[in-house]
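Novice: Below are the chains, spelled out letter by letter.
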Amino acid sequence: MTSEASLSSALEGAVVIEAGDERGEFAGMLLAMLGAEVIKLEGRHGSNSRSMGPLTRSEHGPEQSLCFSRYNLGKKSVSLEFEHPAAGLVHHRLGNRADIIIDSGEADDVDRRLKFYREMQKSNPRLIVCAITPFGLDGPYRDFKMTDLTQLAMGGVMASCGYDPRPDGTYDTPPIAPAMWQANHIACEHAVLAIFAALFFRELTGNGDLIDLSIHEAVSNCTEVAIPSYIYNQAIVQRQTGRHAAEHPTRPWLRRTKDGRYVKAFMFWSRHEARVIGEMLSEVGIEHDLDSNTYRELCERSPSAGHSHLNGLVDKLAASMTAEDLFHRAQAKGLLWASVREPEKNITDPHFQARGTFQSIEDLAAGRPLYYPVSLATGGSMPLTAFERGAPRLGEHTREVLDQLGITEAELKLLASQGAI
Amino acid sequence: MESGKRRPLEGIRVIDLTKIVAGPNATRMLATMGAEVIRVEWHDQRALDMLRMIRPSVPGGAPDSLNRSGLFNNLNAGKYGITLNMSLPQGRELFKRLIAKASVICENYSPGQMESWGLGYPVLSQINPELIYLQITGMGKSGTYKAYRSVGPTAQALSGLTLMSGLPEPMPPAGWGYSYLDHSTGYYGAIFVLAALMKRRRTGQGCYIDLSQTETGLMVSGTAILEAQISGRPTERYGNRMPFAQWAPHGAFRCHGADQWIAIAIQNDEQWAQLVDEMGSPEWARASRFAHASGRKAHEDELERLVAEFTQDQDRYELMQRLQRRRIPAGLVQNAADRCERDPQLKHRRYFVPMPQSEIGTWPIEDFPARFQNTPIDVGGPPGRAAPLIGEDNNYVYREVLGLRPEEIAALKEDWVI
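Protein sequence lines correspond, in order, to chains A and B.
Following our numbering, the numbering of the first sequence begins with 1 at its first residue and continues without gaps.
Following our numbering, the numbering of the second sequence begins with 1001 at its first residue and continues without gaps.
Rather than coming from a laboratory, the hints here were simulated on the basis of the structure.
It is possible that some hints are incorrect.
As the list claims (entries may be wrong) - Simulated restraints on C-beta separations:
| # | chain 1 | residue 1 | chain 2 | residue 2 | range |
| --- | --- | --- | --- | --- | --- |
| 1 | B | E1408 | A | S302 | 50 to 60 Å |
| 2 | A | A410 | B | E1318 | 54 to 64 Å |
| 3 | A | E411 | B | Q1126 | 34 to 44 Å |
| 4 | A | R166 | B | E1302 | 42 to 52 Å |
| 5 | B | G1384 | A | E247 | 52 to 62 Å |
| 6 | A | S292 | B | E1414 | 16 to 26 Å |
| 7 | A | E300 | B | D1064 | 20 to 30 Å |
Stated by the list, open to error - Below are the DSSO-like pairs computed for lysine-lysine, each with C-alpha atoms no more than 27 Å apart in a straight line:
| # | chain 1 | residue 1 | chain 2 | residue 2 |
| --- | --- | --- | --- | --- |
| 8 | B | K1146 | A | K333 |
| 9 | B | K1019 | B | K1297 |
| 10 | A | K333 | A | K316 |
| 11 | A | K345 | A | K258 |
| 12 | B | K1146 | B | K1096 |
| 13 | B | K1096 | B | K1005 |
| 14 | B | K1019 | B | K1146 |
| 15 | A | K333 | B | K1096 |
| 16 | A | K145 | A | K115 |
| 17 | B | K1146 | A | K345 |
| 18 | B | K1413 | B | K1101 |
| 19 | A | K145 | B | K1019 |
| 20 | A | K333 | A | K345 |
| 21 | B | K1005 | A | K122 |
| 22 | B | K1297 | B | K1096 |
| 23 | A | K333 | A | K258 |
| 24 | B | K1297 | A | K145 |
| 25 | A | K345 | A | K316 |
Note that the structure is a prediction, hence the values are computed from the model and not measured.
By construction, the Cβ of each residue, glycine as well, lies at the ideal position given by its N, Cα and C atoms.
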């Protein structure tokens, strides 16, 4: 990172302790991305996320989890049984060094560790503790056992995602949970926002905080029009294939292309779009009547019939070319269309290469460098964020961190002999 | 929020030129933390946030009212609102005066709009070197696609989020049933502004943030991107199944009633044994091929069909409670009515906050999803209300922030500048 505008040093000097399970790991990663020193506390056998798939099944040793590699970028690993009675001699010093603690997991587990954090806050009142749990630390669902799937169900995401109903309005396909740990992502993005709020308030008052973040509420907060539709109009949005859930059926966005892929043809169904699509049809030699009086009169007589006619022609247009060709041609004419890509296809796309979206980082599990998405913004040309290192090996920084805390050689031996490290 | 109480972002003024969801979501977060967010709008249909004009909306009122949209009210809670005609030179001069008194500007115009007004970052940073300029676009303002136009669904398609969601081929992608990347880009927009503010306290320097919705989508697709590099195979869809662990059954199962579903995720043999018991230990469930995780995974189609036969007659709320008592991860698929009317957890945590708006009265607004012991955050922001009416705060901003005299304000109104 060489850009002066870089935000990778925004949290320089801040020390974050991360405990708990995989639910809070993305928050720690985002804070590391912004320059915080993130120390991940793992038991002697490592976090549960070290065994979460996808796995490399490689010959490179015990580190096999790409999930761990991804969500622990830029962190340090300390192998410490935090709740072990002997670990008490570390708590106080750790608490004094830290600015932020992130803990995540089931409410009972987090609550149990909170008593340690409260003790730490007595000697370091500036300490900010962020507890990420499925439903928060109180309430009737507090103790429900949850996964990413069930959080997306309860939080309302699944009710909006899926496929068109049958002509009679009933569904023969289930609601869909979009893949890849999105409930954790949403919760962790809110956790980072909450931590920033507490950091700014700490600057005013000198006091830290306890943040009680509910994954359920975070997911609920992320369903766009669904809640307002009900609150203001008592309407329930219905899920539809590849497009927004809506009160009433809308026309399709997904179009099958010549190469068997899809383009998402987002449209306002305007006259301008019809004219542009007519131009594109002419360019590839498909006959159409979009510039005729007949079509204009059809639209005036029945906008719906006009849209149906245009809809059929968009299908023909898509079937005549590849997804990538259609994407670029449509964009060149100002249409808001895009090819439906696999995410990894973007690694070699010149646009993302120019912006530094991906960074080649030595991957723990793969035993070789892999391209990670690390930047979502530039300062004009250079990426604003990057990582200095990949995910840590289990206990890679135990000695370094304990040394910094002033743990003596004799204390280290004691911790080891009692099974705390 | 009591007036006079300290707030995390007190003293931070944000000029908000954003529209639709992504930008307003970012500035909503800042307002919730106590920033003074001033929405800049204009009466002209082309310059208005289209959310002001679409459903859901509060029935009644004047037919052409711009102040009755429910989604707008939710996304713009806690902000001030002014009118300013940016297409006039006088309007742009007034805008520059606002920038001189601001900490942050956020906008999500189509690429090139601000430059066409002569108000790009190089100009505005001359006026205010400490300014933090957040620009949200679909693809980003640099790179090959810098002129490409995009909305949330466009970015979702390109980033891979659409493709990854849904049942396997030959079914098409289900994608996301809303603009997920409007939400998440808003979160990252706020996070980057906060990071830049934090950095500015050390350096005294502002910065320009060119935030891309598509890259935001890539940020939340990371594991798939790594897996594809290892396997050499393109990313696929798996429906509601868990492709990377032997968790089965793992999906949504139909319950009694129209379009009623429950999500169940069995992660180990103990949970499976509990589910078998809950189902009354039917003979099929005791078959050896289902006894262990690998067998259940290998026979997932059959397993899902049989579990669905059990759930289809069950009341989803009762089943969820029974499964949870057995420590089985289960949650019903809640729609908005379920969350608003029948979710005791959201009610207990006071997730919906009654918030006044000057034309439509008091309506529930979705709160920030965390409770703080000390830090005062408030979805009503400094004005202590939901979204502003169009131009509602002209007097406050032009008089108190810019120090204009009443006769100057009257003249600007007369000239169609504000």
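Novice: Given the hint that K345 of chain A pairs with K316 of chain A, test it: the Cα-Cα distance must not exceed 27 Å.
Specialist: holds, 25 Å
Novice: Do R166 of chain A and E1302 of chain B keep their Cβ atoms within the hinted range of 42 to 52 Å?
Specialist: violated, 24 Å
Novice: Per the hint of 16 to 26 Å, is the separation of the Cβ atoms of S292 of chain A and E1414 of chain B within bounds?
Specialist: Distance hint for S292 of chain A, E1414 of chain B is violated at roughly 48 Å.
Novice: Are the Cα atoms of K333 of chain A and K1096 of chain B separated by 27 Å or less?
Specialist: Roughly 33 Å between the alpha carbons, so the hint for K333 of chain A and K1096 of chain B is violated.
Novice: For K1005 of chain B and K122 of chain A, compute the direct alpha-carbon distance and say whether it is at most 27 Å.
Specialist: holds, 25 Å
Novice: Confirm or reject the claim that A410 of chain A and E1318 of chain B have a C-beta distance inside 54 to 64 Å.
Specialist: Since A410 of chain A and E1318 of chain B have Cβ atoms about 59 Å apart, the given range 54 to 64 Å holds.
Novice: Is K1297 of chain B within 27 Å of K145 of chain A, Cα to Cα?
Specialist: The given pair, whose Cα atoms are some 21 Å apart, holds under the 27 Å limit.
Novice: Check whether the Cα positions of K1096 of chain B and K1005 of chain B lie no farther apart than 27 Å.
Specialist: Distance of about 30 Å is beyond 27 Å: violated.
Novice: Run the distance test for K345 of chain A versus K258 of chain A: straight-line Cα separation, threshold 27 Å.
Specialist: holds, 18 Å
Novice: Within a Cα-Cα threshold of 27 Å, do K333 of chain A and K316 of chain A meet the stated pairing?
Specialist: holds, 18 Å
Novice: Could you grab the alpha-carbon distance between K145 of chain A and K1019 of chain B and see if it respects the 27 Å cut-off?
Specialist: Violated. K145 of chain A to K1019 of chain B sits at ~38 Å, over the 27 Å cutoff.
Novice: Compare the distance between the alpha carbons of K333 of chain A and K345 of chain A with 27 Å, and conclude whether the hinted pair is satisfied.
Specialist: holds, 23 Å
In this structure, the earlier hints numbered 3, 4, 5, 6, 9, 13, 15, 19, 22 are contradicted, and the remaining ones agree with it.
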